[in-house]
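**Q** Chains as they are written, first to last, in this note's numbering: chain A, 1 to 918; chain B, 919 to 1297.
Some clues are possibly wrong.
Unchecked claim - Chain B is faced by these chain A residues, among others (derived, beta-carbon under 8 angstroms): (1) His761; (2) Leu791; (3) Ala794; (4) Arg797.
Think of the hints as simulated: they come from the structure by calculation, not from any bench. Everything numeric in this text was worked out from a predicted model, so none of it was measured. Note that the Cβ used here is the ideal one computed from N, Cα and C, for glycine as well.
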Amino acid sequence: MKLISLHVEKFGNLTDYSMDFTDGLNRVLKDNGWGKSTLAAFIRVMFYGLEGKGLRKDLTENDKARYTPWEGGAFGGSVTFEAGGKRYILSRNFADKTKGKPVLQDADTLLESNDYSDKIGEELFGIDSESYKKTAFIDRDNIRYLGANSKIASKVSVLSQTDDLDRFDEVDKQLSVFEVQNSDGRKTGNLYLLNEEILSLENEIKKETLIKEETEREKEEKSEIIRKEETLKAKRKELSEKIKKLSENRGIAANYAHYLELKEKCGFRESELNRKKTVFAGGIPSSEKLDELEELNRDAEQKKLLLKRGNASENEDRYEHLKRYFKDNPPSEETVISKLEICNRMQKLSEENDRLEKEIVSLKTEINNLEIQAGDEKRLLSEKERELQKLREDCRKEEVDFETEIPEGNEETVIHPAEPEGTKMSAWLFVSAAILFGIGIVLILLYFLMNRMLGILGAGILFLMIGFAVFLAGSMRRKKERKQRLYREKLMEEKKAAEEKRKQEIQDRQKREMLERQKKRMEAEYEIKLLESKNADLEEKIKKSEVSLTEKNNSVREKNNAVKENLEKSGNCESDLKEFLNRYEIPFSKADVEDTLFEMKSRIPEYRSLRKSKEQKEEEYRKLTEQSKEADEKLNSFYGSLGGDADSAPDYGEIRAFVQSRTGALKELKSAEKELDISKGNLQAFLEEHREFAAFEKNENAKSSDGSHFTVMSEEETEQEYHQTEDLIADADREKDSLVAELNRINGKLDQLAAETDRLHILSEKLTERKEEAEELKQSCYYNRLTREYLNKAKDRFVARYMSPIKERFDRYMKIMAHTGFVREDDYQIDAGLHLKKKELGSYRDIAYLSEGYSDMVGICIRLALLDVMYQNEKPLIIMDDPFGTLDRNHLDGAKEFLEKAAEEYQILYFTCNEDRL
Amino acid sequence: MKLIHTADLHLDSALERHLSKSRAEERRNELLAVFRSIVGYSVSIDAEAILIAGDLFDLCKISRTALDAVISTVVGNPNLIFYYLRGNHDEGAFVEEFKARTGSLPDNFKTFSEEWTSYELTGRDGVKVTITGAEMNGRNNALLASSLRLDEKNRNIVMLHGQVADISGNAEGETIPIRDYRNKGIDYLALGHIHTPSVNVLDSRGKYVYCGCPEGRGFDECGERGFQVITVNPYGIDAEFVPYAKRVVYDINVDITGLSHTEEIVGRVKESALNAGVCEKDLLKARLSGEVDLPTVIYKDQIKKELEPYFYVVRVVDETRPHIDYNDFSADASLKGEFVRMIKEDIDAGKLDEETASKLIRNGIGLLMGIDVPTKQQS
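With the sequences and hints as input, model every part of the structure.
**A** See the structure below:
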């Protein structure tokens, strides 16, 4: 890129200033205050726009504030430059509404060009304004090299692939922040906090062993207490039993008398029992045996009675009756059934005949009715036909009448309008008036003509007046006549209207009569049709009735034949039944024959049954005789076995008495036994309740022969021991309460320990979780750190790869600059951040530590070196605003040589106020 | 005669490690329901008894709900005998609480102690079996095996809760020195403590069986869960695993090679889950694997959120590797290229392993490209 010319419209203190440029070194020698820096800034601003707009109040940072013309007006200018083989004019005006928006024109055509955007500086130079000031724009205020930025570094490296390098700072920061946030070294780091938490949890969980041990101890203690409690319980039980026994002993004396009483009672009851046993000399029979004896006695007695009753059966009379009825030869049931069927058939025939006769009667009645009906219908038909005939005649008459003409209207009613009289009279008056008037006029004329005839005048005047009066009368008359005429005309019109109305009425009436007649005729026609239809129906009906009559007559004949047939059949049945009943001398009655046969049928099984029963009875009697004999023998034998007199035939009454007496005695015996059992039971219960007496009992039994009794314990001894035992029980109860309290305490403690165990269990799970989290985070931090490490290394290497050309160029420029005598070809190092360091005392130190003049020169060299590498092809414009101001005269030659050398490759704008530095 | 062998229900478990509070409560209730359901199943197959080989409860302090549920279930099934062995978790006072509630332990509830306790059980079919058990407490491990005496003429089931180790002699904690239990006449060693079901040969006569937990509680308990149905006959004891879990925990590997968009990845996960038989009632851990292009970022949280409507609980783990062709970077003159080449050099020099390298490259390249890479590493 090459600057061709510029024009300053107004910029700072420069107004309307133009300048042309050549290739190579362009020296601008101006006094202080002329505006060299302003001009340099103008060039920068033209390409990059105003910097530090807005809030920056420092003029050095706020181009607008610094360079806005005080007098106002235009603020800007233009530059003409060449880039990419083309020439352009770039204009800006910061004062107008464009607000400094660059306007680019093709310098040759002056047409607007879109080859560059508003960011023309970045596009032309490939770097932003900041980077431009660090490189190609060497301002006196910023000669010192403070390192490059990433934009420069990007430009220095690969021109086309700067995105990731641009992002490096941000990425590095992101990774750094992550490292800090999750550090395990910083107290606020997440990993540190996690580790702390883990430590805390581990410390808590360590308690688990102690808790477990304590739980075990408490459980053991609990078991021990439970054992003690069991022992105490057993002891308590023992003491309770002892005290119970002692209580018993206390009452032994009182119970002893009772014991004796019970014993005595038992003895008495036993002797009573023995006494009752003596009643039974031959042995005590059981109640069952006595019952059996009674049963046998009853049975034998009963049998005897039955025998005495004989073998007469209950239905003997009935049997004899039936025997006579059937003549000792009853028919079979099947025979009787067949006769019943015959009877049934006979009845059915009779019923059939009854039914047929009823039907015949009914039919005859119907036939009669039909005949009557038919007669009525025929009469009705005749009437209707006459009626129809009449109607037809009436209709014919009506038609004749109907054609009669309508009468005309009355001629008297026609009014002819009369000629009005008034008109003739009034006409004569007017004529008269005219004549008189005319005479009057003539007379007047004559007066005047003749000049003296006053009488003529008077006559004339009189005639005039009469004429006038006649005229008036005529007018009046005419008026009246007109009125009359009008009235008569009106009257005539009214009369005409009335006449017409009357005519209309007559016509209407005639029309109505005509319509009525038509209607009557239609009605009559309809009635005729209706009648004709009805008559047709009637005829049809009559025909049907006749057919029905014929049918019914035929039916009557058929039924009569059937009746005859049935009567014959019925007679045969009757004969059969009569013959059957005769065999048993039973009279025949048609009405009762069925009942007779049913009765016979029912008697047959009865007869058979009774005959069978009789036979059975005889057999039974024979058996009963044998049984009675056996029963007597058995009874006698049994009676004898129980101690009765069995030598003779059994006396049932005697045996009965024997049973009763023995039964009573047995009851008494059982009662005595029961009483004895009760007494024994009471004694036993007493002995169970008072076990000590059981011992007495044994001893009593054992020693009953010598009469000595068991010795009872003394009351004093009993009381003493009793109280002692009470004390022991109280002690045991107290001990038990204390054990229960201790047990409750332990249970409470165990609950606490269980809760603690559970809490630790949950913490243990949490610990596992946290450890996993920590491990995960640790891994993340590790990878994060490693990533950052490698990224930095890569960046260093990446940047370093492109440092060598810069170093080479820098060395070259340093060599040139060394000729100044001011700088030396010392050992310098450019790091990946494009920082320049000088080896001093074995270490590389930042050039900021060098003297001002020295570091400025070095700075220029490094800038040029950077520019060399940044711009391989089209070199940018370098602006130097008195960079050698700090050099003394001795070193200026070298500086000049340096400039000339640089100008071989660059277009340099060199501003200075000192000719020596030119 | 049929028996049920179950263990490790861990009722009252907190479960909040992988589940939200509401889900955790729901699962706790489901665990209780599973217990009741197993009892119901036992009744339906006319089983004679249920062997609970430890860790019925997760905590010492048992909640009232769990207590009521277990007690009512035991009391409500008087024809089913419950053999309750405590484990390392349920050292609490369940038995005491039971006694306090009902006055005394019902006849169908049998307990064990630190010493061997045996119960004879005669089935309705006349088959007899002896059930022996002891609760290990870390102090009695060494003596237990040597003090076990069984009648070899009987069918013998032994119950223990602990970790089997193929050792003999002194053992600590919950370790079961399995060699010491051989040739003691054991037909079936009913074990609890390991939550994955397994059947192993004990000796020529018997086997030792972990029934596993009936419901997986976390992603470390994947696969089918249930209990063992034991059939005792005069000649031996057989066991059959019955899968019974209401919700199965799945850990599936999903290869997302070539995919880059979240929607695509979600679709692949759903497809893989479907193929693996995962249902909407199940818990799913999807391990994303395969090679993805370098700039691709796996948004685990977004993927998880998209999958949540389809499964009960979802966890997503990123185990993908970036697809790196080092040749692509050999001529790359940018900082990225330099970065990758540097890492490659260290791989070649053995200073870096491939896995670390791939992670560094993914991070570094993503950051340089301005992609919001979650710098927290996947695990």
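**Q** Each of the hints needs a verdict: does it hold here or not?
**A** Going through the hints against the structure:
1. His761: Status holds, d = 6 angstroms.
2. Leu791: Constraint on A/Leu791 satisfied, holds at 5 angstroms.
3. Ala794: holds, 4 angstroms
4. Arg797: holds, 6 angstroms
Going down the numbered hints, you'll see the structure goes against none, and every one checks out.
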